[in-house]
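There are 2 protein chains.
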Amino acid sequence: MATGTFDLLHMGHIYYLREAKKLGDTLVVVVATDSTVQKLKHDPITSQESRVNLIKELKMVDEVYLGHDDDMYTIVQEIKPDIIALGFDQIHNDVTIKNELKKRKLNVKLVRLPKYEGGSDLDGTRRIIQKVIAAHEFQKKMQRIEGKT
Amino acid sequence: MATGTFDLLHMGHIYYLREAKKLGDTLVVVVATDSTVQKLKHDPITSQESRVNLIKELKMVDEVYLGHDDDMYTIVQEIKPDIIALGFDQIHNDVTIKNELKKRKLNVKLVRLPKYEGGSDLDGTRRIIQKVIAAHEFQKKMQRIEGKT
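Those protein sequence lines, which keep their order, are chains A and B.
Here the first sequence is numbered in this note's numbering, starting from 1 and rising by one per residue.
Here the second sequence is numbered in this note's numbering, starting from 1 and rising by one per residue.
These are calculated hints, taken from the structure and not from any lab test.
Treat the hints with care, since some could be wrong.
Intra- or inter-copy, both count: the list cannot distinguish identical chains.
[As the list claims (entries may be wrong)] With a Cα cut of at most 27 Å, we get these calculated BS3-like pairs of lysine-lysine:
hint, residue 1, residue 2
1, Lys98, Lys22
2, Lys105, Lys140
3, Lys98, Lys109
4, Lys39, Lys102
5, Lys39, Lys141
6, Lys59, Lys21
7, Lys140, Lys39
8, Lys41, Lys141
9, Lys56, Lys21
10, Lys103, Lys56
11, Lys22, Lys80
12, Lys98, Lys59
13, Lys22, Lys102
14, Lys80, Lys98
15, Lys115, Lys80
16, Lys80, Lys59
17, Lys141, Lys59
18, Lys22, Lys115
19, Lys102, Lys80
20, Lys80, Lys39
21, Lys131, Lys39
Excised from the complex, chain A in its bound form (with noise of 0.2 Å):
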C-alpha cells in the first residue's frame, strides 16, 4: 500500500510508486480527500476525482482507493495491506504509526522508502507550482515592456 496527495503527477511520485511496487504482488495507492489536503497542506490543484483517475492510468498500480476524511487507520483496516510504503519525504512518524497499528491489531510491515534521486531533471509539486509562477509572472513582464513599446 502506498499513500499520498499526487497533484502534479511527476516522476518523483513515479519512482515512489515503482519502489514501493518491488516490495510485494499487488500496489494498492490510497489518494487523500480534497479535505484531508486542505487539512494538512493547501487546497489541491486538481480534484480527488482527477487524481485517483490519473493514478489509475499508472503501469505499475493495481487498485486505487480515495482515503477517509477523518481517521487515516480506516482504510488500513479496510484494505488489510501486508506493506505500508512511506515516501522519503512523507511527514509521517514511523514509530507513532508502528504504536498505531499495533494497537489496531493490524500486522503491517512498514517499509520508509529512499530519496528519488533523479538527478537535475527532479520535478517536486513545489518545484512544478514555482516554475508556472516564474512563468507567468515573466509574461506579465513582457506584457508590460511590449506594451510600451
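Position chain B against the provided structure of chain A, taking the given hints into account.
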C-alpha cells in the same frame, strides 16, 4: 500514433490517449521536444525527459519517442504508423497534413478524435496553470492580511 506536449498531465490527455489506443493494437506516442514547444506555445513547465518518462508509465501506452526539432514528418517516416490520432484541440490542419503525408508517400490514416466531455472535472493544462496562480495570489493576500494584524 498520438502526439503532444503532455506538460502537467491531466484527464484530457488520458482521454485522448485512451481513444487513440482504441483505434489500433500498438499505441506509439511522440512527445514534442522543449524547443518545439517553445516555438509553438511557451516554455514547458516540465522537461522533455520528464514528459517522456511520465507518458511511458501510462497503461495504454506501448512506446514513446521524443520528436525531432526540425521537420514534424521525420518521426512519421521513422515510425510508419497506420493511423495518426489527432486530439480535438490540436492546431494542425487536417487537409495540410494529409497533403504533406501524400507528398512523402506515407500511407497513414488521419483520425480527428472528439472532445473530452469529462464534465466539470476537466483539468486542461491552462486551467491547472490558472489554479496554481490563483492559489499563489490568495496565499500572498493572506500573508499581507495576516502580517498586518
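Exercise. How would you label the pair Lys102, Lys80 (within, between, both, or neither) given a Cα cut-off of 27 Å?
Worked result: Classified as within: same-chain Cα gap 13 Å, cross-chain 58 Å, threshold 27 Å.
Exercise. Taking 27 Å as the upper bound on the Cα-Cα distance, should Lys131 and Lys39 be classified as within, between, both, or neither?
Worked result: both (25 Å within a copy, 18 Å between copies)
Problem set entry | Within, between, both or neither: Lys98, Lys59 at alpha-carbon 27 Å | Classified as neither: same-chain Cα gap 29 Å, cross-chain 34 Å, threshold 27 Å.
Exercise. Is it within, between, both, or neither for Lys103 and Lys56, if the alpha carbons may be no more than 27 Å apart?
Worked result: neither (32 Å within a copy, 41 Å between copies)
For this session: Classify it for me, Lys22 with Lys115: is the Cα-Cα distance of at most 27 Å met within a copy, between copies, both or neither?
Result: within (15 Å within a copy, 37 Å between copies)
For this session: State whether the alpha carbon distance between Lys56 and Lys21 is at most 27 Å within one copy, between copies, both, or neither.
Result: For Lys56 and Lys21, both the intra-copy (14 Å) and inter-copy (16 Å) Cα distances are at most 27 Å.
For this session: Could you figure out if Lys141 and Lys59 sit no more than 27 Å apart (CA to CA) within one copy, between two copies, both or neither?
Result: neither (41 Å within a copy, 41 Å between copies)
For this session: Tell me, please, which holds for Lys39 and Lys141 at an alpha-carbon limit of 27 Å: within, between, both or neither?
Result: Classified as between: cross-chain Cα gap 19 Å, same-chain 35 Å, threshold 27 Å.
Exercise. Is the C-alpha distance from Lys22 to Lys102 at most 27 Å within one copy, between copies, in both cases, or in neither?
Worked result: within (25 Å within a copy, 47 Å between copies)
For this session: Go through the copies and call it for Lys59 and Lys21: within, between, both or neither, with a Cα cutoff of 27 Å.
Result: both (10 Å within a copy, 15 Å between copies)
For this session: Tell me, please, which holds for Lys140 and Lys39 at an alpha-carbon limit of 27 Å: within, between, both or neither?
Result: between (32 Å within a copy, 19 Å between copies)
For this session: Evaluate Lys80 and Lys39 at a C-alpha cut-off of 27 Å and name the case that applies: within, between, both or neither.
Result: Within. Shortest intra-copy distance 25 Å satisfies the 27 Å Cα cut-off; inter-copy 51 Å does not.
In summary, the numbered hints that this structure violates are 2, 10, 12 and 17.
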